[in-house]
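Given the coordinates of chain V, work out where chain C should sit on it, guided by the hints.
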Amino acid sequence: MLAKRIQPMVFQARRLYVELMFQVMGRALQAVSEVDSAVQSEAVALPKGFLFEMMVMPAGSKLIVEHIGNGRFHYHGDKAPRPIDLSIQFKHIAHAFLVLSFQEKTSVAFANDRMLVDGDISYAVRMTRVLNRLEAFILPKLVAKRAVKEYPASLHLPEKLISAARIYLKVATNFVETARAS
Amino acid sequence: MTNQYYEFFCPVKVIAGKAALEHIPYELTGLAAKRPMIVTDKGVRAAGLLEPVVAACEESGLEIVTIYDDVPPDSSTSVVRDIAGIYRSEKCDSIIAVGGGSAIDTAKAVNILVSEGGDDIAKYSGAGVIKHPLKPFLVVPTTAGTGSEVTSVAVITDTKKSVKLPFTSSFLLPNAAVIDPRMTLTLPPHITAATAMDAMTHATEAFTCMAKNPLSDAYATSAIKKISHSLLKVMDNPKDADGRLELAQASTMAGIAFSNSMVGLVHALGHATGAICHLPHGLCMSLYLPYVLEYNLEHIRGPLGELLLYLDGPEVYAATPANRRAEASISALRKLRDELHKRCKLPRTLKETGSVTEDQLDTIAEMALDDGSIMFNPKEVLLEDAKAVLKRAWA
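Protein chains in written order, with the working numbering: chain V, 1 to 182; chain C, 1001 to 1395.
Looking at chain V on its own, in the form it has when it is part of the complex (with noise of 0.2 Å):
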């Protein structure tokens, strides 16, 4: 009985939380992406003007970046300019909220049909590899290890302290700033 009622609040809660990771994650895709010279090189492999999405089927919540060109990605919140070029898309918001939650690897993800892809599969590939270098990033190793395949064995202390660091105040920087727009 207590458990049906604390469903809809779970629900809740829950997409609540996927809507403000799909936040911070797209707003660290641009922080990344200006601080970070591999996931440069990764994305200046993207068309300029390629404009990637993750959602959640059939219209839930949704990011949406921009490759603006020379590896730097622009966060356009969940409004694209264009038509979409390549969207990774979760079949469900549970399937969303194991990701986002770190309880199962996008790539575990990708394996287990959570998500479908409609665009280039090579974008796709490379866009995941951009995701995994972000959360090796910004995530706590013991976390980071929960949600990439392999933790990069390069990838040390002081470096990932320094660049979550500056990547944590763009994002908070941009929080700020989207506010003072709205």
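For the record, the hints were derived by calculation from the structure and aren't laboratory data. Built from N, CA and C at the ideal position, the CB exists for glycine as well. Heads up, some of the hints might be wrong.
Said to hold, decoys possible - If you want the footprint, here are the derived chain V segments under chain C, 3+ residues with CB under 8 Å:
{"no.": "1", "stretch": "101 to 114"}
{"no.": "2", "stretch": "125 to 133"}
To be verified - Think about it this way: if two alpha-carbon atoms lie no more than 20 Å apart in a straight line, the pair counts; the simulated PhoX-like pairs of lysine-lysine are:
{"no.": "3", "chain 1": "C", "residue 1": "1379", "chain 2": "V", "residue 2": "149"}
{"no.": "4", "chain 1": "V", "residue 1": "160", "chain 2": "V", "residue 2": "141"}
{"no.": "5", "chain 1": "C", "residue 1": "1123", "chain 2": "C", "residue 2": "1160"}
{"no.": "6", "chain 1": "C", "residue 1": "1161", "chain 2": "V", "residue 2": "48"}
{"no.": "7", "chain 1": "C", "residue 1": "1379", "chain 2": "V", "residue 2": "145"}
{"no.": "8", "chain 1": "V", "residue 1": "141", "chain 2": "C", "residue 2": "1379"}
Same frame as chain V, but now just chain C:
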């Protein structure tokens, strides 16, 4: 609670064995099809493989309305458009693909156009674009390797834009795959070897990569057992119809396995090598398989060790200590490659192919890193890792 989750889907009716071709008329009639078109290539016609198919249909009063026999090895959007035009002008109502990967992929793409309408196959490219069942479609494989008869994917080259267009939909799957040993009896030894190693790789990667699941495991292990048991026998006696049927069934089973559990680094490297050096796909699979298994070893020790039972039989499996079985599986595959090299000079290293230069390895590694298969490899692959595997496979 376990975190395990998987999906498995294969609605293709498999019609396999002696006189399987003679079931085609019944199957088509059951699908209300009366005017089939055959899509094939010149090699299949020259090998005399069309005659038994046509004869089986005519004997049952089913007329083959038209035969398109000019599918190139790397099929294109213009070929698909042309065949669709013939299908419409001849008022066909079903398709029979007779051939290897290219003929089957082409027929899948033709089926999209003639079912969905239009002349531009490119607009149906991608995943999940096709929303309706297509026309009745049967596949008669003439090689034992690709497994295309049970996969929901087709790849067609857009010659104008010089890109390969992927098409993915469960509606691409044929209504039936007809596996008749007569269709592979005349395969030359080097193609028999390379295609069988393609199937072996499908099954091995299906069993060791990230999306493995209990159902695909069953198909994969059975395929490996059949190939290990029959391949060398068929190489020594190409007219061994039972052995040929075993290989053909193994290919289909490996196809069912990998289309439900995906493949890994062997395929990523193989796709890149095929694109850059124009080597046959099966040969690329055979080349890279042991080197990639060595690279993945510590991540796949358990399942790879299990495969020893199917690769080398119960006596060897029982006599090998559990902690040495994974290495023994790799050795069994190496031994099989050596035997194939002895019998038909199937290359074991990139250098032995004579078609790859050492300075191409970096480009192959870079291209492989963007291949979709790499996502399902159990071990993360960085550029340096891919280069290292290629270096080992060089000589």
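So, going through the hints one by one against the coordinates:
no., hint, result
1, 101 to 114, "holds (count 9)"
2, 125 to 133, "holds (count 3)"
3, C:1379 with V:149, "7 Å, holds"
4, V:160 with V:141, "9 Å, holds"
5, C:1123 with C:1160, "14 Å, holds"
6, C:1161 with V:48, "19 Å, holds"
7, C:1379 with V:145, "13 Å, holds"
8, V:141 with C:1379, "18 Å, holds"
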